[in-house]
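Participant: Chain by chain, the residues run as shown.
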Amino acid sequence: SQQGEEDPQALSIQEGENATMNCSYKTSINNLQWYRQNSGRGLVHLILIRSNEREKHSGRLRVTLDTSKKSSSLLITASRAADTASYFCATAPFPYGNNRLAFGKGNQVVVIP
Amino acid sequence: DTEVTQTPKHLVMGMTNKKSLKCEQHMGHRAMYWYKQKAKKPPELMFVYSYEKLSINESVPSRFSPECPNSSLLNLHLHALQPEDSALYLCASSQDPGRQETQYFGPGTRLLVL
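Chains W and R, in that order, give the protein sequences.
The numbering of the first sequence is the working numbering, which starts it at 4 and goes up by one.
The numbering of the second sequence is the working numbering, which starts it at 175 and goes up by one.
Simulated from the structure, these hints should not be mistaken for lab results.
Incorrect hints may appear among the rest.
[As the list claims (entries may be wrong)] Interface residues of chain W toward chain R, partial, derived using beta-carbon atoms under 7 Å:
| id | residue |
| --- | --- |
| 1 | Asn41 |
| 2 | Arg44 |
| 3 | Gly62 |
[Said to hold, decoys possible] Below 25 Å or equal to it, Euclidean Cα-Cα: the simulated DSS-like pairs (lysine-lysine) are:
| id | chain 1 | residue 1 | chain 2 | residue 2 |
| --- | --- | --- | --- | --- |
| 4 | R | Lys183 | R | Lys212 |
| 5 | R | Lys215 | W | Lys108 |
| 6 | W | Lys108 | W | Lys73 |
| 7 | R | Lys227 | W | Lys108 |
| 8 | R | Lys215 | R | Lys227 |
| 9 | W | Lys29 | R | Lys183 |
Idealized CB from N, CA, C, for every residue including glycine.
Could you build all of it, start to finish, from the sequences and the hints given here?
Facilitator: Right, dumping it as structure tokens:
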């Protein structure tokens, strides 16, 4: 079953603006991961946040995790045209570890040059 | 080498055909995965191999048959598929099945069943 469920929205933003996506899930997790997918190709891992972490940064990416609300957000700052992609959150449910990643619906982000 | 390769990139097959998808990684990863992704949908887990043994089968129909000949190679044998099996098939790997780690994905095989 899929746990991670983003708010089903498509974002269209201007280059240079920030993009925020949310993800909610239903059960206890070991970690939550964000992936990017360009045009139906393979997924690229962006960031992993563990259940005992609240915030994590990687370059222009900022991820937060609120286990009490079972939700996460991904912020992309100073967006670029190359950020145009689908973004998926994926949860690793406890106690299965990383074996059973469940992907959310995904957010389509379009960055207009 | 941090790459997962998949062949072929595209595959068209009839419902009576037998074909195979191939996935390869040389990162020393001991967990490998098959996912199925329909258009505009998230990837859905099909199979997980841990240390070359099938550890998870997400109730996938028997017309899909996975095989892990060695730690670097993962195959998905296809037989008597249905048109609704048309999808992007993604392979992924991770270093240690029991640890909290990222998965590395291949570019996928786009399958069309006629």
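Participant: It remains to establish, for every hint, whether it holds in the given structure.
Facilitator: Structure-based check of each hint:
{"no.": "1", "hint": "Asn41", "in the structure": "violated, 10 Å"}
{"no.": "2", "hint": "Arg44", "in the structure": "holds, 5 Å"}
{"no.": "3", "hint": "Gly62", "in the structure": "violated, 15 Å"}
{"no.": "4", "hint": "R/Lys183 x R/Lys212", "in the structure": "holds, 16 Å"}
{"no.": "5", "hint": "R/Lys215 x W/Lys108", "in the structure": "holds, 6 Å"}
{"no.": "6", "hint": "W/Lys108 x W/Lys73", "in the structure": "holds, 16 Å"}
{"no.": "7", "hint": "R/Lys227 x W/Lys108", "in the structure": "violated, 30 Å"}
{"no.": "8", "hint": "R/Lys215 x R/Lys227", "in the structure": "violated, 28 Å"}
{"no.": "9", "hint": "W/Lys29 x R/Lys183", "in the structure": "violated, 35 Å"}
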